[in-house]
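There are 2 protein chains.
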Amino acid sequence: MPRPAPSRRAEPAATSAPGARTAVALRLVSIRDAGRDGRLGIVSSDLARVLRGPTDTVQRLLEEWPMHVPRLIALAEELERGAGAPLDARTLLAPVPRAYQWCEGSTYLSHMRRCRAARGAEMPSDPDREPAVLQGASDRFLAPTEPIVLAQEDWGLDLECTLAAVVGDVPQGAPADVAASCIRLLVLVNDLTLRGVLQAEFAKGLGFVQSKPLRAMAPVALTPAALGEAWDGGLLHARVSCWVNGEPLGALDSGRDAAFDFGQVIAHAARTRPLAAGTIVGTGTVSNADASNGFGCLAEKRAMEILQGREPSAYLRVGDTVRIEAHDRAGSSLFGSMQNTVVDIDRRSEDAERQ
Amino acid sequence: MPRPAPSRRAEPAATSAPGARTAVALRLVSIRDAGRDGRLGIVSSDLARVLRGPTDTVQRLLEEWPMHVPRLIALAEELERGAGAPLDARTLLAPVPRAYQWCEGSTYLSHMRRCRAARGAEMPSDPDREPAVLQGASDRFLAPTEPIVLAQEDWGLDLECTLAAVVGDVPQGAPADVAASCIRLLVLVNDLTLRGVLQAEFAKGLGFVQSKPLRAMAPVALTPAALGEAWDGGLLHARVSCWVNGEPLGALDSGRDAAFDFGQVIAHAARTRPLAAGTIVGTGTVSNADASNGFGCLAEKRAMEILQGREPSAYLRVGDTVRIEAHDRAGSSLFGSMQNTVVDIDRRSEDAERQ
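Protein chains in written order, with this note's numbering: chain A, 1 to 355; chain B, 1 to 355.
FYI, nobody ran anything at the bench for these hints, they're computed from the structure. Careful: at least some of the hints might be erroneous.
Partial chain B-side listing against chain A, Cβ under 7 Å, derived [said to hold, decoys possible]:
hint : residue
1    : H68
2    : V69
3    : G205
4    : G309
5    : E311
6    : A314
7    : T341
Derived lysine-lysine pairs resembling BS3-like cross-links, with alpha carbons at most 27 Å apart [to be verified]:
hint : chain 1 : residue 1 : chain 2 : residue 2
8    : B       : K301      : B       : K204
9    : B       : K204      : A       : K301
10   : B       : K204      : A       : K204
11   : A       : K204      : B       : K301
12   : A       : K204      : A       : K301
Note that the structure is a prediction, hence the values are computed from the model and not measured. Even glycine gets a Cβ: it sits at the ideal position worked out from N, Cα and C.
So that you can see chain A by itself, here it is in the shape it has in the complex (with noise of 0.2 Å):
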């Protein structure tokens, strides 16, 4: 798989930390296969390698954890002395195909007040004391080179950068040291929007069905460990970049503006009831206060354009890529590469068998 710094430090397989028994610095994956969940497999941390996970699926793997660590810990650190056969992006799925829950917090204020002046919508009364959570699908997530699959482009698709944890099980009423603590995964997320569906979805005040088309993700799942100094134990600190055609949309810093951390946001979603393993909660649109930064979404770049009384740039349009990424300080590329062109609902099947 290309990345921009092969020379990755080398790095132990697994901390000493009190309490972390479970840490482990791990790359997962899910290689198609002919089922839905695909094969887990455990990749190297310069993205290189592979070798089969020490169970069938991730969504396995997240309910028995405990049990595989040892065995977790052997195989990453086989992967370190060279072992594993060659990483290929184009056979793999969403490193989560599918999940049995998906949540979502609006962490980045900024992104929220712009798109809301954008429409005149009003911001929710105090924005910063809790987070606003909304339920989504997770039936299936589209693999980091899928199509992206549209009716009609005046449905107004937009891409969003979204970084997202996945829990092992969080039981009811956790407080956020304990939630954040139950994190196994991070995942970097396009939370594709229909823009001109959404207001319509927003005026019944119900949240988001139509709205919300099949997201993707990037290839590569990674525990908390394996982020190294990227994570401090409840916010990721990574530039979190996005393209469309090849022309740089953002470089957001993922560490800055967030007015929640992860813990935070799933305790919010655990307050009346436990999270299953597996479910998957994501921070809505990265989003920087300063706009030099540049936009994880296409909303708030035209948001800015209107305000500056300029022509708004187009939504995506069948036939356009969207790429996006997230790179450490030291500039590697943290979950690898997604790259989903827009196609028409027409040529789905086309382009599936062409896979």
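Using the hints provided, position chain B relative to the given structure of chain A.
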């Protein structure tokens, strides 16, 4: 399993309707085992006996349905000839113990009208033009006899009698008739709601997360063909009854007062994306315009009491037991009975051990 009318008429195990190659009269359960999905069982039409299914879980069956049809027909016929072990409702999980997607449409507008009037909230514009659909969590459903864990009585726990369809793969953009043909199973759900938490989430306009605790399911899932005259292709014509501590709350006619049928709600959810096999699509709380049938939730009863200047009934408290069941015209219990008792959060492990 106890049921009111044991003398159900014999029925063909499969229909011979054109295009109904996958139609088979089937009653499914999930039997508790060490895993989260349980073990698929098929039960006799009198809900008294059970045989193991042709594959391990209901989710797998939903994904592979057509290939299992011949074996399913044979098993159903064996059951009608008296095969199978006695069925004990206490050994059952929810028939769908977890799912990759839950969404629900507000099908019965009298429910929305009464609830919103009581809160002073407005109805959506044109509520009968298209269904108001929202996403929910589906990472775990409570078993038919499992306790409902409640941390605070002032959260205002309410039951909600809801019907739901479990679908096979639904193509993106499927019209209502195609969507209806994707229905594999019908289930009866207690779509529990925390009314005291809902108001604050409703004000944010992003749907419901904290106000929706784990939902419960009646023990048996039925194929449309097993519903006989109670299924007309788009609606279930049953009497849906609920009791709180043995006191009747409502006995609703689910075939009346539905503004939309299942096909329309599923098609709404699938307008901009496919729905994967195992997706559950609910109807919202079953409700009749004629209040003399009672109510499928406490909120509607309270709304009427408040309008009449009476003291509103209390929401559910620790120790209360909710029973929900649905019967066809002949008085046969379609889904079996679910009976869930509210317990304090500190008693949850104690109760789990007693199970």
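For each hint, the structure was consulted:
Look at B/H68: its Cβ only gets to about 16 Å from chain A, farther than 7 Å, so that hint breaks. The beta carbon of B/V69 comes no nearer than 20 Å to any beta carbon in chain A, farther than 7 Å, and the hint placing it at the interface is violated. The restraint placing B/G205 at the interface with chain A holds, with a minimum CB-CB distance near 4 Å, inside the 7 Å limit. Here the hint on B/G309 is broken, as its CB sits about 29 Å from the closest CB of chain A, past 7 Å.
A cut of 7 Å between beta carbons decides the hint on B/E311: the least distance to chain A is about 27 Å, and the hint is violated. At its closest, the beta carbon of B/A314 sits 19 Å from a beta carbon of chain A; the interface hint therefore is violated under the 7 Å criterion. Using the Cβ-Cβ criterion of 7 Å, the hint placing B/T341 at the interface with chain A is not satisfied: the shortest such distance is roughly 17 Å. Of the pairs offered as hints, the one joining B/K301 and B/K204 holds, with about 26 Å between alpha carbons and a cut-off of 27 Å not exceeded.
For the given pair, B/K204 sits about 24 Å from A/K301 by alpha-carbon distance, which is consistent with the 27 Å threshold. Between B/K204 and A/K204 the alpha-carbon distance is near 11 Å, which keeps this suggested pair within the 27 Å criterion. The straight-line distance between the Cα atoms of A/K204 and B/K301 is roughly 24 Å, inside the 27 Å bound, and the hint therefore holds. Under the criterion of a C-alpha separation no larger than 27 Å, the hint pairing A/K204 with A/K301 is consistent with the structure, at around 26 Å.
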